[in-house]
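Here the protein sequences line up with chains A and B, keeping their order. All residue numbers for the first sequence refer to our numbering, where the first residue is 352 and numbers rise by one. All residue numbers for the second sequence refer to our numbering, where the first residue is -7 and numbers rise by one.
Quick caveat, the hints were computed from the structure, so don't treat them as lab data. Don't take each hint at face value.
Unchecked claim - Derived DEER-like restraints, expressed as beta-carbon distance ranges:
1. F470(A) with G152(B): 37 to 45 angstroms
2. P113(B) with D763(A): 40 to 48 angstroms
3. R971(A) with E103(B): 50 to 58 angstroms
4. G152(B) with G949(A): 45 to 53 angstroms
5. L828(A) with R83(B): 49 to 57 angstroms
Ideal Cβ positions, reconstructed from N, Cα and C, are used throughout, including at glycine.
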Amino acid sequence: MTDLNDKAREDFFSEAQEIIEELARNLLSLDETLRQGKSDPSLINDAFRAVHTLKGLSSLFGAATMTTLAHRLEDILDDLRLGRMALDANVLDVLFRSVEVFNRVLAVEKGSIDESLGFVDELLALIQQVGSTSIPPVSPGTDYDLDPGMLAVLTEYEEHRLHANLKEGLRLFRLRIRFDLATIDKSLELIKERAKTLGEIITYLPTGEASGPDTIDLDLLMACSCDQDKIESVLGNDNTVVQEVPRRAAGHEAAKPPIDLPKSRDNLVPAALGTVPPRPPAGAPLAGSGGTLRSVSQSVRVDIRKLDNLMNIVGELAIVRGAIGRLSDRLRGTGERRASNELNRLNRSFERRLSELQESILEVRMVPLGQVFDRLARVVRQIGREVSKDIRLVITGSETEIDKLIVEELSDPLMHMIRNAIDHGIESAEERSAVGKPASGTIALNAFQKGNHVVLEVEDDGRGIDEAAIVRKAVQLGKLGEPQLGELSRTEILSLIFLPGLSTCEEAGELSGRGVGMDIVKTNIAKLGGVIDVLSEPGIGTKMTVTLPITLAIVSALLVCVGDETMAIPLASVSEAIAFDGGMVRNIDGREVMTLRGQTLPVCRLDDFFDIPREVAAPRRQFAVVAALGSRKIGLVVDRMIGQQDIVIKALGPSLSSARSFAGATELGDQRVGLVLDAPAILEEVLAGADPLNPMLRVSHG
Amino acid sequence: MGELVHVGAHRASLREGSERGLVREYLVIVLGDDLYGVELTEIREILGPPPLTRVPRAPRNVLGVCSVRGQLVTVVDLRARLRVAPPSQARRPRILLTDRDKETLGFLVDEVQHVVRLAEPEVEPAETALGGEVSEGISGIGRPQGQMIILLALSNISVG
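All chains, full assembly: derive it from the sequences and hints.
Okay, here's the thing in structure tokens:
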């Protein structure tokens, strides 16, 4: 890849990435239909088209390895769609494998991994192997009274579909439909869509017969199992004539369809135009027309850093707005009422536009979680096959949107959780049937929005976490002293799985039993400002719940005063704020706690916690900001509440990495900087800090 | 933003002196009662001290953070960092901004004086002048016109 400017390369990479993701989705759907014992030719066709496009794209960009790979895959997919090869789990394995390899090749080409492309040969060999199992093509022959003119122009694929459908005993219908030239694209799409519920449209051709000046008649050849009335009721209108293609009487030889058309793959590209009557001018691309780069897209790809930059500018503008507001107040004080009112009005409209701008930029950053889920579905299938466990993945809420940056960081932790579920959670088929569970295990992946948060659940119906084994292991690793054993609550025991080095799998499994695991997951989730909770019932299953903020860029925060310091607490972690006085505090076992509506929560006096110097004693009347993280709560005691404000969080530099209780700092508008509290980190520390022997302490301090 | 001196114009501080050999430009600063020198190329900007926000649990020599045109700056007390005694008279403190890999640091100094140009022969390397184990932050001793200034390499000074 030389002589390419960076922009074009970037475009190539992201386009290739998209195609590969699309291919992966197709394969997953194929896998699904295959398991149900069905087949969906349109899926194979889509996969074929995707690979075909990838081939064209990569050869255009001189990515030779990808071109070769795409070319071989295209051959296989072509054989599949033309029925020259049967689709089975092994072939799918190879296809899934190719998705992984494509991704790796892409990473190598991009320069993000330094690796030789040797691993590609391995896949090529596999493809070779699979490719050699082709079944000979069925000999064409038809005993239907079809218009020879129509048969003559069928492509190899269409011919294959025709035979395949007839072999299944379906009936053939010819639909003559009159289309308005102006709307033919949409109408045709609509009919194809509706026809899908009944059967398959094999081909469509213009009739060539005289029609109105603004209309065109098409003949559609359709195979389905239902009768004429049904078709008419679903597709029929005044412009449609449905006619069954009659079967010829036995023994009557059909007018032999001319099948001596070029059978090479070249005729997929409309090179054969000379012999084939022109297709309808528009409509969805047929099998052969996918060879060009897609260029009619309405979307623009943007580097996320550019959005960050825009967001920063919005942040700066918000500061300007604040300054104007103060100026207008000052003007009022000097008696310039009219000017002040005018300025105030302008400032309010400025504020409105600014928040619209902010929302729009945030919207652009949002992507559906489906992106990650697709990848996970692939992993589930792959691991399931590796460990011979049949696993059903049920996904809900893949349309839930979250910040692009969060999505990128999510896939590894989620993958780990799923690996754990398969490896430790789901039992073997024998074990499952012994306890009366269905042989195939189920993993549910749920996503939904909850206020300013996105909640992700990974739930399996496996054996649950072995609490005794966890405790044993923790003691063995010296993370837990004997005297503490009796004192741990179930939740505390379960949270031990987040300790570094803890893995319950007795023999280190190939997949997840490497001793690194949940602690990394927890750290990564925490980096995104999220928390993870675990719930497990022996014999019933385990559920991991991850709660994440929707976006990282701008957050609404509660500004508070502690001593002379102004600090911000992200609203995402605030559940309420209440008046507080020292009388509410009880001291239990060295911990300060308070009671809120019957629930006990730890109290953290921020002035003591941070050693904030005071010139005067703390006011008698203070406030407790209740921060809720997952199922846990904490009361953060502050002197004064200032109010709510949208803030841009800026990360503290690496030299301040020891200040773990802060998510960053933000500008407060008058040249001053305020620290932003990291409520999850504080909660963690308070819970751990009260008891120095508590193992949680080691979690939060690495 | 207080007093603001852009030193970008002085960036080209490497000059080929015709007879004196390689000449570098140093900003002379005061820490306590002593003169120190920092090569101009290391300094992005000189600021009057802005309001600082203290960061609990930060390393001892970190005074806090401030914002310089939207950018977060970690401010380090250079005198405390180098364990120099406080000045015996009132000075006019300034902050020297310098870019590190992943953050911008501001070094608080007691005073900023002027720029000197030192040719190579006027600089004693730290090893020969002080011998053996010298703090990494000290690059040498400069002697312009009979004065003595301790030359610092800010990029080698760790925060902690």
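Exercise. With 40 to 48 angstroms as the target window, see if P113(B) and D763(A) comply at their CB atoms.
Key: 57 angstroms, violated
Exercise. Indicate whether the distance between the beta carbons of R971(A) and E103(B) respects the range 50 to 58 angstroms.
Key: 45 angstroms, violated
Quiz item: How does the Cβ-Cβ distance of L828(A) and R83(B) compare with 49 to 57 angstroms: does it lie in that range?
Solution: Holds, at about 55 angstroms.
Quiz prompt | Status of the given 45 to 53 angstroms range, CB of G949(A) versus CB of G152(B) | solution = Holds: the Cβ-Cβ distance is about 46 angstroms, inside 45 to 53 angstroms.
Quiz item: Between F470(A) and G152(B), is the Cβ distance one that fits in 37 to 45 angstroms?
Solution: 44 angstroms, holds
Checked against the numbered hints given earlier, the structure breaks hints 2 and 3 and satisfies all the rest.
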